[in-house]
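2 protein chains.
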Amino acid sequence: MKILVSNDDGIHATGIRTLVESLAMDHEVYVSAPDRERSATGHALTLHKPIRVDEIDFGLPNVTAYSVSGTPSDCVKIALNAVLDIRPDVVVSGINHGPNLGADVLYSGTVSAALEGMINGVPSIAVSLVNGYEKMADFGPGATFIREYLPKLLAAGIPERTILNVNIPAVGLSDMSGIRVTDLGTRIYQDSFEKRMDPRGNVYYWLAGEIVETSDGPTTDVKVIRDNLVSITPVTSDMTNYAALETHKPLLEVTGSILPVK
Amino acid sequence: MKILVSNDDGIHATGIRTLVESLAMDHEVYVSAPDRERSATGHALTLHKPIRVDEIDFGLPNVTAYSVSGTPSDCVKIALNAVLDIRPDVVVSGINHGPNLGADVLYSGTVSAALEGMINGVPSIAVSLVNGYEKMADFGPGATFIREYLPKLLAAGIPERTILNVNIPAVGLSDMSGIRVTDLGTRIYQDSFEKRMDPRGNVYYWLAGEIVETSDGPTTDVKVIRDNLVSITPVTSDMTNYAALETHKPLLEVTGSILPVK
Chain A
16 MKILVSNDDG IHATGIRTLV ESLAMDHEVY VSAPDRERSA TGHALTLHKP
66 IRVDEIDFGL PNVTAYSVSG TPSDCVKIAL NAVLDIRPDV VVSGINHGPN
116 LGADVLYSGT VSAALEGMIN GVPSIAVSLV NGYEKMADFG PGATFIREYL
166 PKLLAAGIPE RTILNVNIPA VGLSDMSGIR VTDLGTRIYQ DSFEKRMDPR
216 GNVYYWLAGE IVETSDGPTT DVKVIRDNLV SITPVTSDMT NYAALETHKP
266 LLEVTGSILP VK
Chain B
16 MKILVSNDDG IHATGIRTLV ESLAMDHEVY VSAPDRERSA TGHALTLHKP
66 IRVDEIDFGL PNVTAYSVSG TPSDCVKIAL NAVLDIRPDV VVSGINHGPN
116 LGADVLYSGT VSAALEGMIN GVPSIAVSLV NGYEKMADFG PGATFIREYL
166 PKLLAAGIPE RTILNVNIPA VGLSDMSGIR VTDLGTRIYQ DSFEKRMDPR
216 GNVYYWLAGE IVETSDGPTT DVKVIRDNLV SITPVTSDMT NYAALETHKP
266 LLEVTGSILP VK
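Just so you know, the sequences run in chain order A and B. Heads up, the first sequence stops at 277 in our numbering, and the numbers go up one at a time, no gaps. Heads up, the second sequence stops at 277 in our numbering, and the numbers go up one at a time, no gaps.
Treat the hints as calculated values from the structure; they're not laboratory data. Remember, it's a predicted structure, so these values are computed and weren't measured experimentally. Take these hints with a grain of salt, some might be off.
Result set (DSS-like, lysine-lysine): computed pairs, CA atoms no more than 30 Å apart in a straight line [stated by the list, open to error]:
#1 B:K238 with A:K264
#2 A:K264 with B:K167
#3 B:K17 with B:K167
#4 B:K210 with A:K264
#5 B:K210 with A:K17
Residues from chain B that keep clear of chain A, each with C-beta distances beyond 12 Å, as calculated [to be verified]:
#6 H27
#7 T29
#8 A39
#9 M40
#10 E43
#11 R51
#12 K64
#13 P65
#14 D72
#15 T79
#16 E131
#17 G155
#18 G200
#19 K210
#20 Y220
A virtual CB, placed ideally from N, CA and C, is assigned to each residue, including glycine.
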């Protein structure tokens, strides 16, 4: 297969390197990833600045790699539309350093790179290691799992307007308890901003924040990962709340005194 | 009411000023918006840099305004968690210069500011003017519409984990044909990157892109806006594809040769 790999931790991160080393054993791998860390960038695009693309030596046969001065979405978009002269069979984004569970998905550059692949017509998955963000985590078992699982996953077919968001527990392969298809749980962060004063007397803030509560049913990603299961969530780019369409239509379509019509 | 207003075009944009002027006629308005344009930022957060917040004079009674060196999501998060000593009744993000229809929602800073309000427990809406991005559009009718409609909208109640994404046609109030609750259509962009050479012989790219196709059923935002209807789409932060959970569970939960278990 031809595989395009991206991430949001940057092209020099251990997670992407371990993944690429594993995939390149069996496949032709193309890397288009940010030149530096771009976590929590959401689905951002670079519109107001030019984007640089530099081919770099990844040190592996079968691998062609580009370092991009943009967001994860930029990296995938520019690879598919301007840089690559091949069409990949799949986009794999990751392996992210740390989980992308529940509402993390909204902020995740890793997920956004996969969504960009899907929007451009290529089956796409996002992969994260649930390792508590340690830089020195072992991405090896996760990378092996993805190499083995990828053909089955593509054979299963990915639903329309959807990517698969994979979270892998940070344990050895023999300690992973299985695979579960899940829905997104909720993790509630207590946001806090540290207020500081600079040497010239001006105030500035640092965003901090910690998880204070996870409320999750038995079928959520948040729950199954605790049991050392691999979590696979189908994540759609169609954010319409279809249930609310029914319930709220009459309530919201009140023109009444507002518009002079209908 | 106490209303928190944000946007992604920046605190000096005409769209937010017209909205604030309209809302301040009846309500106590707080503004927390980016110090400069932050379009297509998606749901990004600023984690690796400090954030500056400067109170500025908006020139209106009833209005307290903060210029923030961050993304739209930062603006709402920091207002609710660090800057405001009141709790707003609603977050209104906009009025955006240009539409946020279909898949635009994924990239939209305007929508992300509203999602951030909702995640922080405040009913939230995003408002965009479908004006073809002209800088000199008349935001007056849209601002009046929102002032009139807002109480009804809050009375109707916004579903859980959901914001309302409002797109308003760029016509006078008497030419708006009504209000429709819609689902997100699709607009397909033909992405193109302009490749250029800098004076030192290095290549760089500009992202361009135009809409080449809109495929949309009669109930989509893309469709109703063409008939000069106001489009209201309930947009959820839960991106789980629930239909795919059913169909793909057996296909994807194949541990088989991959994991030694279950």
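The hints, checked one at a time:
no. : hint               : verdict
1   : B:K238 with A:K264 : 17 Å, holds
2   : A:K264 with B:K167 : 13 Å, holds
3   : B:K17 with B:K167  : 16 Å, holds
4   : B:K210 with A:K264 : 47 Å, violated
5   : B:K210 with A:K17  : 25 Å, holds
6   : H27                : 16 Å, holds
7   : T29                : 19 Å, holds
8   : A39                : 19 Å, holds
9   : M40                : 15 Å, holds
10  : E43                : 22 Å, holds
11  : R51                : 9 Å, violated
12  : K64                : 9 Å, violated
13  : P65                : 4 Å, violated
14  : D72                : 18 Å, holds
15  : T79                : 16 Å, holds
16  : E131               : 9 Å, violated
17  : G155               : 15 Å, holds
18  : G200               : 10 Å, violated
19  : K210               : 7 Å, violated
20  : Y220               : 5 Å, violated
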